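Modelling step: build the complete structure from the supplied sequences, incorporating the hints.
2 protein chains.
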Amino acid sequence: MYDKVLELLKEKKYSELKEMLSGMNEADIAAILTDVPEETLPLLYRILPKELAADVFVNMDSDAQEILIRAFSDTELKEVLDELYVDDAVDIIEEMPATVVKRILQHTDPNIRKSINEILKYPEDSAGSIMTIEYVDLKTYMTVDDAFTRIRRTGVDKETIYNCYVTDENRKLLGVVTAKKLLLSEKNEKIADIMETNIISTNTLEDQEIVAEKFQKYDLLAMPVVDQENRLVGIITIDDAMDVLQDENTEDIEKMAAITPTDKPYLKMNVFEIWKKRFPWLLLLMVSATFTGKIITHFEDSLQACVILTAFIPMLMDTGGNGGSQASVTVIRGLSLGDIEFKDIFKVIWKEFRVSILCGITLAAANFVKMMIIDRVTVPIALTVCLTLVFTIMLAKFVGCTLPILAKKIGFDPAVMASPFITTIVDAMSLLIYFNVAEAVLKL
Amino acid sequence: MYDKVLELLKEKKYSELKEMLSGMNEADIAAILTDVPEETLPLLYRILPKELAADVFVNMDSDAQEILIRAFSDTELKEVLDELYVDDAVDIIEEMPATVVKRILQHTDPNIRKSINEILKYPEDSAGSIMTIEYVDLKTYMTVDDAFTRIRRTGVDKETIYNCYVTDENRKLLGVVTAKKLLLSEKNEKIADIMETNIISTNTLEDQEIVAEKFQKYDLLAMPVVDQENRLVGIITIDDAMDVLQDENTEDIEKMAAITPTDKPYLKMNVFEIWKKRFPWLLLLMVSATFTGKIITHFEDSLQACVILTAFIPMLMDTGGNGGSQASVTVIRGLSLGDIEFKDIFKVIWKEFRVSILCGITLAAANFVKMMIIDRVTVPIALTVCLTLVFTIMLAKFVGCTLPILAKKIGFDPAVMASPFITTIVDAMSLLIYFNVAEAVLKL
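Chains D and W supply the protein sequences, listed in that same order. Residue numbers for the first sequence follow the working numbering, so the first one is 1 and each next one is one higher. Residue numbers for the second sequence follow the working numbering, so the first one is 1001 and each next one is one higher.
Just so you know, the hints here were simulated from the structure itself, not pulled from any lab data.
To list a few chain D residues with every Cβ distance to chain W over 12 Å, as calculated:
| hint | residue |
| --- | --- |
| 1 | K18 |
| 2 | M96 |
| 3 | K121 |
Cross-link-like lysine-lysine pairs, in silico, BS3-like; alpha carbons within 30 Å at most:
| hint | chain 1 | residue 1 | chain 2 | residue 2 |
| --- | --- | --- | --- | --- |
| 4 | W | K1181 | D | K187 |
| 5 | D | K181 | W | K1187 |
| 6 | D | K214 | D | K180 |
| 7 | W | K1294 | W | K1443 |
| 8 | W | K1443 | W | K1370 |
| 9 | W | K1268 | D | K214 |
| 10 | W | K1158 | W | K1264 |
| 11 | W | K1408 | D | K264 |
| 12 | W | K1139 | W | K1158 |
| 13 | D | K172 | D | K139 |
| 14 | D | K114 | W | K1180 |
| 15 | W | K1370 | D | K276 |
These numbers come from a predicted model, not from an experiment. Even glycine gets a Cβ: it sits at the ideal position worked out from N, Cα and C.
See below:
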């Protein structure tokens, strides 16, 4: 598809190109436009059928949008801006350099500009920052027929018309009516009689992650956003909630791998930015490994007496780390999906205790056989390693399952308590166990 | 809330309880009912206002549903089943033991039963398995007014009326009309003239993950599902797509921690089931660690000559592992979000190469200072460790960023190429580097 577009463009078959594009979905066109060489982008954009242009624009990434805005005449810019929903306009503005923002705001309708500035004031990641102000509002005294008239008159500019919000004269939120309810009601019924008053709403300052979870829990298509005085100020639609959900998942995954989370796609970040997200954690974890070094130094004499013990240190540390991460990652995900809560801590510990005994004994058995056949060590050494393995797994699973729950309880993000941290803690502990078992079994 | 409900139940204040529940959201009630003691569940469920009961039932977990179904009289069971959407009925049936399934199917309307059996035949995780067959279908020759009449007559039983599907006499999918379009069109306009023919649809056998991604890419509320002959057989709604997205994220996270993924919540799995998900990976990784052991044995003489080198093995291995997982997890997530593709492999390698030099040198500098001041080792030993650190980080980032891309290219799940595997590979490599550098620098 991409090659075909470039080919038609090169051969200057503009009308053929236009026809081809007009049969395509805006998200697909946006993907192509984001990839074309910078200098052809404005030309290609101008070929787009008018009714598609703004939708394509919204779907492009911010770099491509910036190139276009810089290439637009004032009239072109105004045309696009007039078609944008306020929340999309805010998203775009948040990514642009100051000079471009200034130019955008200059060409925005003064009322919209005021709304954009309001939304820009909400804290990042708050419900207010992702809401749109374009919703259908109804009054209690309207009939279903009145409501349809209002939807027909104002609906074309609204992001959704499927949830209509009923407010009083002070904009206080009283109820919600879905388009389904309207369509299935009699024309002369009063809104007051058919509206749902048990409303799932959110506050402008609420964390967007909690908003997204509510969408999933209550199967919503849109959620009203109210201010501290319960006045309706905007709505959040499900497409934005879904984006938040994906971003939050990415953030959790990054934290689990000891990376400072970021909204920026990997390929858009420069080397220094990536370094800044990774280096502090590597440094912290490296310095924490000092303890393991100290433990080894402390038991230097035992090691000198039985150098073969060194050969199994990596295996013990890795298996402990892996066992611990399995437990921690399971618990972290459970916490973030709401499957596990603080009150479950003893249930979790008891479960992990039994799992760790099962895992520890089966792994130790397999390892014993392997050490006798492949490594051909003496029985006491195999016993030392296998006993350590059992204790290490038990300890690793215990640490792995409790730390995330405790972290959440004291207000930290449990996702940070994943593999890297667990590994560092388990390493030190497994070495302590190893040398103590060795001294006991091998009488070093 | 939960305590209040149990209290009212204990004091037999049923009408007060009923009133309280009727003001609550069905998802919240379901959460409470899932937690109450098994013996009180049927009683509490029977107190629920009739119009809420079926919605609450759908929102409960499968254990609670099973308890209720077993407690239901035939009439009660039929009442609930009649209210269920087909896709919800299928979800419930998939979780129930055979005897319960038989009883459910016996009390289901024969037409619905036929549909349920059809859907149960689709492969797990396919679009067909999560679709519902309750959609609004229109014909090209209808007017907007006809469409409204049809929606009013049949809409109450449909999961969504906001996307209506236009089919021909052979059920072939011709177009989509949104309720918004209908509401904003003139009453006598023909469906053929206002329908959108550029349809984003999916096939019954398509992977549900790809379906969920399409919802996000195209900002859809519902997607039509067609069979191999392009006949419309059902639709998927966004709430199901969102659930799929969350499940797939959980699956990816579990794979990254070397756990076989499962749909079952952690607290519902028994110890043996958890063991089965974790043990094979631990075993595989433990056996792979044999290589690291062999490498250490091979360099035993060097180690004996300079035992202090052992003290830094854990730090080098951990830092290498952490650096490698940072790269691999970033790339795995980029691949799954579609930010990174196979064609980007050289861009990714070049970026990671520069990041790894930056990380390696800064970490080595910090480590050098630490080793001189805290560990008080000689300069050659500090140099050996720091040089190894730089090379290990470079290698770890290279392995970490290439393996997931290559895995995806040859059809494996890139998520498996996360921390545990990367760590195992990087461990062996870092030891090889370490001993070779040591022999060169320290002339062992």
